Amino acid sequence: MATHSRTLPLPGGSTMAGGTETETGPELGQVVEALELLLRRQPPTGPGERDGGEVGPSLEGSLRPETLRSNAAELEKRLRQAPDWESLRDLRRAVLARTPALAGGVANEAEPGWAAACGLLALLLCLKERLATLAAAASGAVGAGPGAAPPPSADTLSVGQTRAVGQALRAAVGLGLVPYLPPGVGQRPGPPAVSPAPPAARGARLRAAAAALAELTQHPALAGPLLTRHLGLLLASLCLLGHGPATHCEGVTEAERVQCQETLRHILDHVYQPLAVQELLVLQGRPKQGPPSPGVRTKPALVRAPAWLRVLCGQLLSERLLRPNGVQAVVRGIMEGTGGCAGAEAAAVDWRKCDAIAKILASCPQQCLSLEDYYSLVCPQVLDLLHMQDKLTARQFQRVATTTLLTMAKEHPQLAEKHLLRPLLAPLLRGSEAAELVVEDLLAGTVLVTETELSSCVEDVLKVYVVGNDSSSLLLGSLQSVLGVVFSLYSFAKQNVSYLRSLCQDILLWFLEKSEREVSLAVLEGFAGLGSSIHTLHPRCRFCVGSEGGATITVEETISDEDEALYQKVSAEQSRVESLVELLSHCQKCGLAGDFFIRCLKELTHVTAEDKEASNSDMMPGRSLLELEQYHAGQRRKLLVLQLVATLCENVSDTVFTDIAQVQEFVAATLQRACVSPAQGPGAAAEAQTLAMAMGLVAAILGGAVQLQSSDFAVLKQLVPWLEELSHTYPEPLTQELATDLRIAICTHGAVSPGTLGAAASGVLGKKPGTGAQSPAGALSPGSGQTPSQCSHSSPSGPRERNQGQRVCHKPGDAGSAPAPCASSTASAGLQELLVSAYDPQPPSRAAALRHLTSLITQRDPEAVQLQEKFLQVFLENLQHEDAFVYLSAIQGVALLSSEYPEQILPVLLAQYKCPAQSTEDTAAAITRMKLGEVLMRVTRALGDMVFQHREPLIQAFLRGARDPDSALRASSLSNLGELCQHLGFQLGAIIQEVTSCLTAIARTDPEAEVRRAAVHVVVLLLRGLSDKATEVLRDVLRDFYRLLKHVVRADPDGATVLHAQLALQELDTVMRKVLFPPQTLQKRIVVLP
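Per our numbering, the sequence shown starts with residue 124, numbered consecutively.
Keep in mind that the hints are not guaranteed to be accurate.
To be verified - Below, in silico cross-link-like pairs of lysine to aspartate or glutamate (EDC-like), each with a Cα-Cα straight-line distance of 16 Å or less:
#1 K586 <-> D629
#2 K514 <-> E574
#3 K200 <-> E156
#4 K692 <-> E705
Source of the hints: derived by calculation from the structure; they are not laboratory data. As the structure is a prediction and not an experimental result, all values here were calculated from the model.
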């Protein structure tokens, strides 16, 4: 440091007092003792005084002028007379020699406060010089030995010495700086300090004290307590000396003011930046406050900072912001100091503070000449705030970063997109098919995006977009550019174990919810591969599982095998469709799933029309490569549409439609498809069933299932043109009639409700036919005894001219139906209608009738008990139906009827099961017998222990089925036999020989592997079920079983059959070991002697 008395300390080394370095000097304890002597307090003399009072802005309290004057005199006496303080006296004399201002203040007895401040500063400078000398002398000292704790450095202060130094610094600041600062500059709460010095001397004294304190900051032992507790007052003094008005700086030269400015910037650059921000904000002061409300008690207001200080603090804060890591320093400076976890949580909730910081960061300071330069400097630091690891401050920093990004995006969208959004989405953009990176030139296995980058990017997108929840066009557009990659990552995470799945799902759902409906639908089509509104993952890239539960994007190898490449492509498409359907399952409440389902149905209509045109036109044999490519692309799109519609129909629940408008669009799409391509060819039954359900849905709505308003009828009227066209062009008369009736009901707002609507609605709602839904205008009640066919209406009579036989009994030649039994006269009209509906050509109506008949049996309806034979006939005939919904309903009805009346029904079922397949209907008869086998097993389960009285007929029926020519029936019979043995508790009685012979013959000689497999499985069940009793029950056939199983293991070519045999041998081995080697048990017997 320069030795001239008028220069402030600047960054650099320091010299000893007098300009020479010494190795001897006063002990640290002597310097601290001198400080304590100068600050010694007198005992309180009045009741208002208290011990331990701290030095404040004034000299009031225990350090009164008399006390300071006596302490200074005592210190001078001690320095003159104590021989062991000679070195301290010499060092103090050298320090005062190079600081004339302090020397003059020490000698000024007229102002004890200023004299005490100068004395304290001189002693603190002596302490600083001595600490520096000790540190330099100990630089070459030998450290501690191995295993020993390192010794403290030579310039380390003890706890007591540190406390004394802190008190001295507080007193030096309170006596040397505070009295000479004008109001509003660095003031603390309390009454303003009154300076005893004349105005001409205030600037020089303030400069001398600030220079000494600034020099103390060069040693860490003194800089710590000084800057952490008194930085604000020191900065206020340097601001006043370097930049304040000349009236407050009298006696300070221009060179000294420049040095004050340099010292100010030096301290700000080297101090903890958040602390510097806090102190500058305090110096700047709060904005001008309005007058308080009347009657409200408020704290005494601080004097507002002068304008020059507010402007200067704003400039210095901007400089802190533009430094490296300046954004984090500003945020920490404003948000820190909340005090622990509770305070941090409170600060996170205080969104106003976070928004204020965001506005500060989004505003370009005046020092920055270019707005783009400012954004390029600040935006990377804003993105770094999203990656804070400290749990206490992470929420605050993330909120500030998110709010700042959104504010910048609103104020300067182009710059925000360039410097914020693109860097934020860079890892996802790197793997997109629209990436500028030439992926084809990279080697296979190259990692484009690491796991850390991808995970951090997805988390940041969630924080900014989803948590920020700002649906501006800029944010939605930027996110849409990477949405395809996010969906691919979601599909990948769905197949693997990754925490990214929920994050990607939240991002996708947020975009679909916030975007316009057309944009969302276009994006969903892009997910399915039907559109090009999004950029998916690059075809040469793929996701790989990361080591920490994330994923990486790597360049995959080119698959040379065409079959493998096709398999990978088909698997990827299947996975994409499944992921899309799962994503849509979360979008049903908002109606997006219903809208997308309707769009897929409309696309299916276009595909149907294109197929019809293609079949009608003659394809030219010689086509160009471009035409072939377009043709294959069209075929691929058709397959995708069919796959998507099938998956949606299978997985999306029945709540997909949320309003009448969506139902109308669904029905309109179905009607349009029926008009374009009537049900013909192999898929005619499915198309007719879909059309019937759609029209039945409209009939149910019109019949009162939904409370309709006038606006709903306006929506339904859009179906009238399609219904009219359908009533003239569809080939089936019943459908034409129903279309006409629906058109009449819609046009009359339900005032006219033709009778066919009730039957159509019952097929959808599952109601009892004949008790159809009433129209809002009022229909005949079910109790009136009239059926819907008896209701008259004003529709054209052409479609209704059919004979009454079609209404009561279907002809035997009708497709999908059997002759209907004519109901007896004892049956009511409702039951007659049920029996007739059991032969309805539409499977839903038929199944609904069968289930209603089953419920009558459960309720033991008297009419159903009388007509149990007729019910059995209806159920047995419906067993032959090809629709699963119908024959399963029939199986349920037969099983329930047999369990209720086993003595009458079970012999009939056994007789039909035993009859072999005949003529040309062998396959259909075998299928019917397998269905009967399922009925018999359900009856067996329902009977429980009562099945023993039917044991032999059941076993004989299944043994006979095991000899049937149809292999599927043989396997089914053996499976039923094994389950029956379990229900019987394997108590087969004398028929065990027949069972054994049948199983042995089939396992050895049957040509079908599945039949042999079933036979061996029955053996496994017998051995496993009998367990220890196997040697008793199977005593006569156990050897035959053993030889059979060994033969199967050695000679059978079917692996599954061999496995079953090995399992049976293990069971047999376990049983025999228990018999041959019974467990040894030790028992203690007590015999009482007589």
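Here's how the hints hold up against the structure:
1. K586 <-> D629: This hinted pair holds, its Cα atoms lying about 11 Å apart.
2. K514 <-> E574: 22 Å, violated
3. K200 <-> E156: OK: K200 and E156 at ~14 Å, within 16 Å.
4. K692 <-> E705: 20 Å, violated
The structure fails hints 2, 4 (numbered hints given earlier, in ascending order).
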